[in-house]
Amino acid sequence: MIAATIEIGGVGGALASEVKARSGASPMSCLQCLKCSSGCPVASRADLKPHELVRMVQMDQREVVLASRFIWECTSCQTCITRCPQQVNIAAMNDALRVMSRAAGKVAPETTVPVFNDVFLSIVRNRGRVYELGLMASYKLRTGRLLEDADKAPMMFSKGKLPLLGPRVRGRDQRREMFRRAAEGGNK
Amino acid sequence: MSYLFFPGCSLDGTAKDFHRSTLAVAAKLGLELPELKDWICCGSTAAHGTDPLLADALPAKSLSAAGGNTVAVACSACYSRLKTANHHIAGDAALRARVAQVVGVDYDGGTPVLHLLEILCRDIGRARIAQTITRPLAGLRVACYYGCLLARPPEITNFDDAENPTLMDQLMETAGATAIGWPHKTECCGASFSITEASIVLELTNEILSMAKAAGADCIATACPLCQLNLDMRQRDVERRFGRRYNLPVFYFTQLLGLAMGCSSSELSLASLVVEPQGLLESKGIGR
Ligand code: SF4
Ligand code: SF4
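Going line by line, the protein sequences match chains A and B.
So the first sequence is residues 1 to 188, counted in my numbering.
So the second sequence is residues 1 to 288, counted in my numbering.
Since the hints were made in silico from the structure, they are not lab data.
There's no promise every hint is true.
Okay, derived cross-link-like pairs now, SDA-like style, lysine to any residue, Cα gap no bigger than 25 angstroms in a straight line [as the list claims (entries may be wrong)]: (1) B/Lys16 <-> B/Gly30; (2) A/Lys159 <-> B/Glu267; (3) A/Lys20 <-> A/Ser122; (4) A/Lys159 <-> B/Asp12; (5) B/Lys16 <-> A/Gly134; (6) A/Lys159 <-> B/Val275.
Non-contacting residues of chain B with respect to chain A, defined by C-beta distances greater than 12 angstroms in every case (computed) [claimed, not checked]: (7) Ala130; (8) Ile133; (9) Arg141; (10) Gly190; (11) Ser264.
Just a few of them, taken from the derived set where beta-carbon distance is under 7 angstroms, the chain A residues facing chain B [unchecked claim]: (12) Ser76; (13) Glu132; (14) Val169.
The beta carbon of each residue, even a glycine, is placed where N, CA and C say it ideally should be.
Whole structure, please, built from the sequences with the hints as guidance.
Structure below.
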């Protein structure tokens, strides 16, 4: 069983409060035990390791945090939250930081994850389901990474892994409305 | 017992072999898996990394149409998104109201969601499955790889032990194979970074493949389309980058179970695997 967490209230700056309000994660509870970074699959390549990122949030370092590459390299593997003795939900915190980073125009220039996410979601909005060929083609066109993995498509065709025609689920207008209302926060 | 099946987008594309082998195994067990009508994409990492409300609304849209039935899921990424949305919506009345505004239906987060592994091991049970095994996978040493999202976080998925899950191991043992002990059952493969930052996937899958090899595995069994694709389709790239030779076939667990139940390789779409499994299977006397 997980031991009871230690409640730490009444501290934290604007960034920690905003993260908490958006994601429910409590960065102020972190004890800097490093369990998260020890198990994180991408910590070894990160500009800020998970425990460092949490500390930066505690210290209200908005610029550094929103511009960090790490928030885009987190694979959302949930290892940190599963092991954290203080139940700091770094995976959820990173989701909130991604949204904030985009809104502030601070996205690390090396990452193409936001483009991928946009392409993915626009296919979901229009068709209801994603098909890999359409996803890869749009992503490559948007990023100009046309030659990367050029050997993969023919092999995937021959293995029957890339159907040419994507599926379509009825109710596109309804889905567009759903996406619009979600963007407005579900208040309309 | 009946369930409504949520195949998820990958099972109609890169993971059609997972789809076919799931239905083949279900048929052998008399398990009906009609599809949940008009299901839509779970939103995956793209949704929760872009708009958390949308990430709960997309699963709510599909799950609210289940009419009280249990939803069966094969892809562990979909499983994670559907269960996470249920957890959020059932535990937060204000969020439930916002999701209702977005979806246009008040969904209470109560549609039960089960992974195929849970259905096979817990609802159907190993005793019943053992009766359908006609070609035991004797001598096949399988590294069962669960990936991130089945067992984590345990408060949400409530699947199995978060650090050492065994449901797939139990199934493989029932199929007559040897499920080897190894420490990378729940390490991350890099998931959709396969497209955006392949170097992450190459590093992580190298760790997984090399540990499976060191533990004496003949092959790997997976329960996730992204894990399977990363370990199988990128295996040659990994071997080139790190100067290693693994040659480890990467099956869906349903393909191995189906083989043990006597299904043909075409029923299980074994030809879709990139690392050829035929040599290994023939060497163990379970070719076709
Ligand atoms: S595991 Fe939790 S308490 Fe420990 S450093 Fe990471 S976030 Fe802080
Ligand atoms: S969820 Fe992100 S931060 Fe946490 S361990 Fe996984 S990759 Fe690291």
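Against the structure, the hints come out as follows:
1. Taking the CA atoms of B/Lys16 and B/Gly30, the gap is near 21 angstroms; set against the 25 angstroms cutoff, the hint holds.
2. For a cut-off of 25 angstroms, the pair hint linking A/Lys159 to B/Glu267 stands: about 15 angstroms separates their Cα positions.
3. Simply put, A/Lys20 and A/Ser122 have alpha-carbon atoms about 28 angstroms apart, too far for the 25 angstroms limit, and the pair is violated.
4. For a cut-off of 25 angstroms, the pair hint linking A/Lys159 to B/Asp12 stands: about 13 angstroms separates their Cα positions.
5. For the hint pairing B/Lys16 with A/Gly134, the CA-to-CA distance comes to about 17 angstroms; that is within 25 angstroms, so the pair holds.
6. A C-alpha spacing of about 11 angstroms is found between A/Lys159 and B/Val275, which places the hinted pair at or below 25 angstroms, so the restraint holds.
7. Under the 12 angstroms C-beta cut-off, the non-interface status given to B/Ala130 relative to chain A holds; the minimum distance is some 32 angstroms.
8. Every Cβ of chain A is farther than 12 angstroms from the Cβ of B/Ile133; the closest lies at roughly 28 angstroms, confirming the non-interface assignment.
9. Taking the minimum C-beta to C-beta distance to chain A, about 25 angstroms, the non-interface status of B/Arg141 holds against the 12 angstroms cut.
10. The claim that B/Gly190 lies off the interface is violated: its Cβ sits roughly 6 angstroms from the closest Cβ of chain A, which falls inside the 12 angstroms cut-off.
11. With a cut of 12 angstroms on Cβ distances, B/Ser264 stays outside the contact zone with chain A, its closest approach being about 16 angstroms.
12. With its C-beta approaching chain B no nearer than about 6 angstroms, A/Ser76 sits inside the 7 angstroms limit, and its interface hint holds.
13. Interface restraint check: A/Glu132 against chain B, minimum CB-CB distance 5 angstroms, threshold 7 angstroms, status holds.
14. Taking 7 angstroms as the C-beta cut-off, the interface hint given for A/Val169 holds, the closest approach to chain B being about 5 angstroms.
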